[in-house]
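Peer 1: For the record, the sequence lines run as chains A and B.
Sequential numbering of the first sequence, starting at 1, is according to my numbering.
Sequential numbering of the second sequence, starting at 1, is according to my numbering.
Note that these hints are calculated values from the structure, not bench results.
Computed from a predicted model, the values in this text were never measured in an experiment.
Any given hint could be a false lead.
Here are the computed lysine-lysine pairs in the DSSO-like style, where the Cα-Cα straight-line distance is at most 27 Å [said to hold, decoys possible]:
1. B:K54 <-> A:K21
2. B:K197 <-> A:K21
3. B:K284 <-> B:K197
4. B:K54 <-> B:K197
5. B:K134 <-> B:K285
6. B:K54 <-> A:K162
7. B:K284 <-> A:K21
8. B:K284 <-> B:K134
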Amino acid sequence: MTTLKPALPLSRRLHLALTDKRISGLIWQVVVVGIAVAIVAWLWSNAIHNLSVRRISTGFAFLGREAGMPIDDTWLPYSPKDTYLRAFIVGLTNTLRVAVIGIVLATVLGTLVGVARLSANWLLSRLAAVYVEVLRDIPLLLQLLFWYVLMQGLPAARAAWKPIEGVFLSNRGLVLPSIPLGSGQLWVLLAAVIGLVGLYAIRKRLIARQMHDGRVRPIWPYALVLVVGLPALTSLALGVSWSIALPELRGFNFVGGMTLAPEYFALLVALTTYTSAFIAEIVRSGIQSVSRGQWDAAMALGLRRSFVLRQIVMPQALRVIIPPMTSQYLNLTKNSSLAVAVGYQDIVSIANTTLNQTGQAIEAIALIMLVFLTISLGISLFMNWYNARIALVER
Amino acid sequence: MTTVTQAPGNPLPFGTSRSRRTFAGRAIGWLRANLFSSISSSIVSLLLISVLAKAFVSLVQWGYWNAVWLVPDNNPGACRAVRGLGACWAVIPEKLRFILFGTYPFNQQWRPALAMLIFIALFYVSSRPKWWRKELALIWAAALVVIGLLMWGGIFGMPYVSQDRWGGLPVTLILATFGLAFGFPLGILVALGRRSKLPAIRSLSVLYVELIRGVPLISLLFMASVMFPLFMPDGVNIDKLLRAQIAFILFAGAYLAEVIRGGLQAVPRGQHDAADALGLSYWKKNGLIILPQAIRHVIPPLVNTFIAFFKDTSLVLIIGIFDLLTTAKTAIIDPAWQSFSVEVYIFVALIYFAFCFAMSRYSRGLEAQDAHKAR
């Protein structure tokens, strides 16, 4: 605190004290926090009062009660007799199911379109530009409704479109052949995963040795043994039978195979195409951010263009691409909550139904927030880790 | 996949010097450079041309050749006849007034129409750099008041129309414009708060931004429509549209704050030091020196946020507010026209596209200008 001479009159001292940075800062903070606390306290007391008037008890006890809400499209076993907690978990898996697959598909599609936008072929690059522009400038919800209407307008199951054997597209959704998973198949999958991990370790070692003596050592023999050989051997040893379940039409519906419900399919298509347009722009600007000298230098070394793109330009472009890509992944996940508009039951839709049935508004919204903040945090952490991994290592 | 051009922004070689003389020669040169420069490029071109030609033909057949443009007195019979073969554009003129204005009293619909024109004029004026002065805030205030008067009425001989009868495009524009008009100052305050040296204010701002951005907009809208009454004292009843509007303002504030924060970070430290050396107060320093530079830096991303925000207003469909998308969806509930929803969605998509495309073009123009200046 500044020392003031006692000779100064009180008003002058007060003025000096108020213009002191630390004191005025303290006053500002107290005022702003005070207002915020007052607003929250007021809202809270209103809420407590209203809840007691409506005889709604706060707390998460309702999660143990019977939900009584039907959920059509689930991966986990579920019946309306199950609890709200289970309904929430089913909703969460539904959200993750559409978000994760959507992220993978949107990344692939977006990268293809982004590269196509830079193609030397005029037609291809114009087409990619139109794709991006049209999808970006129309609300996602409208696109979702549009896809859903198109799905409903497809022929009935009896007259389903059959682009290839075993694939049916009808107003019942998309029906695909599937491989029934038993314990044997899971062991084979596990073997493949182990093989991949091993391959990754070997690749690291090979690169380290190449750094040492400059000799390029092929990795494909290891890949053949670990990723193809190991699972194949496991399959033979356990005698796993690989039957493909082809769906077929019986009566009015399909039997066998795997069905993507029209709601899920419409949502997946809408999310994928919409987000891919944004990803395409990110990929394009990322590639363009790599300076021309990098291309020239690589071409002067006589490298092939595809090699230059993959090994020289892309690693540098990724540094520009990753941060905005993270926010696109987050957007896709949040946008998956539009599911409620077409009746696909994701976590937000289930929370909304719960809210209407039980009146537990605060708890339901708190659960939504918890879930999405956790997912956001998870994606951010993963992408930050990846970003740090590919970051420029300066000498 | 074809290869990637190595020089972004550089014009492609335009024909060869020999064949430049005649138009045909130039055209052939262009084709060779841009469509048939290599074997793989030629294959892609031929493939695309054949697919596009096929798509174009079937689109013209459906959308123009076999389409029904008008039907006599609300009778979709002619449309039924071409179902699956041609579009039924007749549904648009039939439902146009409802899609654009919702359930607003029919003989009073000139008022929302006029409000829409005022909105568009307002957007146009705001987009001209020569209008970026203090007076613009006054123009905005005046325009928003006039729009309110037009929509509500109750004076100048205009009968009163309550909010629950508003609908269509004006509601979309109101949600977007008011959301931005109030969200923008809020965003500035929060952005400043996030860069403040005062820990309590900084953490409050961070909490606000992260909470709003961490959850989907729909859950905010559910909150506004379901939870809001719970937080109000007895007897206070706020209209649904206004509640959604408040949710949109809070939403816009958080997203705009992040964009503006980016701009604030781009202002060099010397500007702060110089302003401090002049003895300017915190508000004068930011209002006169820092913010004008910061916002100028981020105009293109701001416009992109506006576009996203404009599209996001369509989410009010889920809580049952009659914006443009909701009126469109409601218009095709009518059993007579039920099966022609694709046409209606295409029409509405065109309206959204027109607004968003104009904005994105504008933002790109600004970016190009900036790049030109920087050179």
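Peer 1: None of the hints should be skipped; say for each whether it holds.
Peer 2: Quick rundown of the hints versus the structure:
no., hint, verdict
1, B:K54 <-> A:K21, "violated (72 Å)"
2, B:K197 <-> A:K21, "holds (11 Å)"
3, B:K284 <-> B:K197, "holds (17 Å)"
4, B:K54 <-> B:K197, "violated (63 Å)"
5, B:K134 <-> B:K285, "holds (17 Å)"
6, B:K54 <-> A:K162, "holds (20 Å)"
7, B:K284 <-> A:K21, "holds (15 Å)"
8, B:K284 <-> B:K134, "holds (15 Å)"
Going through the hint list in order, the structure does not satisfy hints 1, 4.
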